[in-house]
Amino acid sequence: MNWNWTKLSAGPARPTTEVASHSPLAEDLAGLLTHEDADRARDRWEVSRARRAENKSRALGKFWVLWLLVGPGVLVFLGENDAPSMLSYSATGARFGIGFFLPFVVVTFLMGLVVQEMTVRLGAVTHRGHAELIFDRFGKFWGFFSLGDLVLGNFLTLVTEFIGIRAGLGFFGVRPALAVSAGLLVVFAAITTGRYWTWERITLALAILNGLFVPAALLAHPNWHEVGHAMLTWTPLPHGNGFDILVLMLADIGATVTPWMIFFQQSAVVDKGMQPRDIGAGRVDTLLGAVLATLFAIATILATTPLFHHGIDASQFQAAQFAEALRPWIGRTGAALFALGILEAGLVAAIAISTSSAYAFGEVLRTGHSLNRPMRDAWPFYSILLGSAAAAAALVLIPHAPLEFIVLIVNVVAVLAMPPALAFLVLLVNDRDVMGDDVNSVAQNVGAIAVTVLLIIAGLGFGVATVFPRWFSWL
Amino acid sequence: MSLADATSKEINSAAEATVPDMQDPSAVLSVLEADQIVAAKQQTRFGRRKLSRGTRALLWALRVYVVIMLVLVVISAFRVIHPSP
Numbered sequence: 001m002n003w004n005w006t007k008l009s010a011g012p013a014r015p016t017t018e019v020a021s022h023s024p025l026a027e028d029l030a031g032l033l034t035h036e037d038a039d040r041a042r043d044r045w046e047v048s049r050a051r052r053a054e055n056k057s058r059a060l061g062k063f064w065v066l067w068l069l070v071g072p073g074v075l076v077f078l079g080e081n082d083a084p085s086m087l088s089y090s091a092t093g094a095r096f097g098i099g100f101f102l103p104f105v106v107v108t109f110l111m112g113l114v115v116q117e118m119t120v121r122l123g124a125v126t127h128r129g130h131a132e133l134i135f136d137r138f139g140k141f142w143g144f145f146s147l148g149d150l151v152l153g154n155f156l157t158l159v160t161e162f163i164g165i166r167a168g169l170g171f172f173g174v175r176p177a178l179a180v181s182a183g184l185l186v187v188f189a190a191i192t193t194g195r196y197w198t199w200e201r202i203t204l205a206l207a208i209l210n211g212l213f214v215p216a217a218l219l220a221h222p223n224w225h226e227v228g229h230a231m232l233t234w235t236p237l238p239h240g241n242g243f244d245i246l247v248l249m250l251a252d253i254g255a256t257v258t259p260w261m262i263f264f265q266q267s268a269v270v271d272k273g274m275q276p277r278d279i280g281a282g283r284v285d286t287l288l289g290a291v292l293a294t295l296f297a298i299a300t301i302l303a304t305t306p307l308f309h310h311g312i313d314a315s316q317f318q319a320a321q322f323a324e325a326l327r328p329w330i331g332r333t334g335a336a337l338f339a340l341g342i343l344e345a346g347l348v349a350a351i352a353i354s355t356s357s358a359y360a361f362g363e364v365l366r367t368g369h370s371l372n373r374p375m376r377d378a379w380p381f382y383s384i385l386l387g388s389a390a391a392a393a394a395l396v397l398i399p400h401a402p403l404e405f406i407v408l409i410v411n412v413v414a415v416l417a418m419p420p421a422l423a424f425l426v427l428l429v430n431d432r433d434v435m436g437d438d439v440n441s442v443a444q445n446v447g448a449i450a451v452t453v454l455l456i457i458a459g460l461g462f463g464v465a466t467v468f469p470r471w472f473s474w475l
Numbered sequence: 476m477s478l479a480d481a482t483s484k485e486i487n488s489a490a491e492a493t494v495p496d497m498q499d500p501s502a503v504l505s506v507l508e509a510d511q512i513v514a515a516k517q518q519t520r521f522g523r524r525k526l527s528r529g530t531r532a533l534l535w536a537l538r539v540y541v542v543i544m545l546v547l548v549v550i551s552a553f554r555v556i557h558p559s560p
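Residue numbers (our numbering), protein chains in the order written: chain D, 1 to 475; chain F, 476 to 560.
Bear in mind the hints are in silico, worked out from the structure with no lab data behind them.
Note that the Cβ used here is the ideal one computed from N, Cα and C, for glycine as well.
It is possible that some hints are incorrect.
[What the hints assert, rightly or not] Covered by chain D, per the in silico footprint, the following chain F stretches (three or more residues, Cβ under 8 angstroms): (1) 501–509; (2) 515–524; (3) 535–545; (4) 548–558.
[Stated by the list, open to error] So the derived list for chain D, only partly shown, Cβ under 10 angstroms to chain F, looks like this: (5) G31; (6) W142; (7) V186; (8) G273; (9) S370; (10) I409; (11) A423; (12) D438.
Work out the full structure, taking the sequences as your base and the hints as a guide.
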């Protein structure tokens, strides 16, 4: 296909479901199609074929459509079960055992679900990424603020992912430099396909290994009666230093609700070529991701409860130390599974988060930003993707780098950066010029505002506890 | 032939329908929406929206909140790493 610019007299963008062949611009567009369009069209054709099959056999057809459209939602939630998140859950289980935090984690994922559902609708209707929409609708000033939050948060988080990769492989005796290089190699390998579909399936296959925490949890032989009691009654309540409990709660929230998730899922929905009629499947995809991630998060808490029961002080533990400390109770196999889970958590998140940064920069700089483009066609996009991952990986290997500091603050920073990100999301998803009839319903707005208010309260609570720690000593 | 066999055969024939040549522009344009085409997206933009005073105040308030909280986080983390004697 020739790359031949023709001025399109399209006017401003508006929400539309008009098929391109019926558009008055069809003739112009036909001469401007790219490799990215062809790849996306191929994926769309498969979805159309599955929908035609749905007319013949509802159940099989529906499953086929869902299989094709599952991806962004599962990836974003399993990607958010990243190395620092699994560390937060591990610390929670080791410190407090089975109790309040089990249903609390479920609630945090419900919060995430409310937020991520909006990104599905935004991406499917507007076919624009989140960064692009913020720049377009709110201008460069607010756009650069949002981008700044994302870049800072993503870089800090990427550093912790490579710490997790280093720790996970370190359990098996792999040297730090080799472990970090292997992690980078996996990130690179995932993007060499030049096809969004292939990248997505490879990353999904890796992401499902987040479930390794489930057999680790089963090997810990949790008391299921206590688990059921905790889920229903939210007891026993956590005891101890109020500030530590607050920080852990914030870390657990930060383990499920972070700005990169908004940017990533919306851009992935766009890159996947989803359309408004796919919103239902997108919601199922997001729900599936939330359910799986919740199960795996709870499994991680349960897996470390032996440390609680045996009075092991895990307050200074890093990820691989949990695996080693658990060995007497869950055995060598269980410890190895735990370590592999930490490795997977770091790997998948490194892939997803570096991709979200690359999407955002590509949208803002208006350069090619699709995993459907070969590297030579979108070298700025791939350079940012690999460059951000490489910079984070390099920092992990630098002696005396402030890694402990970064690990401490990363989840909390994510929680604190969420309210502005949510404000833009809610404003966009209520914008009729952008969303047409797919704007938020009243119930959806109530949910979104409730999540935003909760996050602000959590952040303010953290601030007060930082300045006046004694106020929380009664907890 | 049983109903299950007939259904399976129809599904297979739908599944076996050949993938059209995506080098053919008409094939691409028939499955993508107009504003999914890369060139169309690059040429068209959603315009700036007018922000009300309340919205601007909210965005500024949230921005100030983030900056203040980030400072507190850094102080807190510093205290944990370098506790006072």
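Now the hints, each set against the structure:
1. 501–509: holds (count 9)
2. 515–524: Since three or more residues must qualify, the claim that chain D covers the segment 515–524 of chain F holds, with 10 doing so at under 8 angstroms.
3. 535–545: Satisfied; 7 residues make the cut.
4. 548–558: holds (count 8)
5. G31: G31/D check passes; min Cβ-Cβ to chain F is 8 angstroms, inside 10 angstroms.
6. W142: Since the shortest Cβ distance to chain F is 6 angstroms, the answer is holds.
7. V186: 28 angstroms, violated
8. G273: For G273/D, the interface hint holds, since the closest Cβ of chain F sits about 6 angstroms away, which is under 10 angstroms.
9. S370: Constraint on S370/D satisfied, holds at 8 angstroms.
10. I409: Hint holds; I409/D Cβ to chain F Cβ min 5 angstroms, cut 10 angstroms.
11. A423: 6 angstroms, holds
12. D438: Constraint on D438/D not satisfied, violated at 14 angstroms.
The earlier numbered hints that this structure contradicts are 7 and 12.
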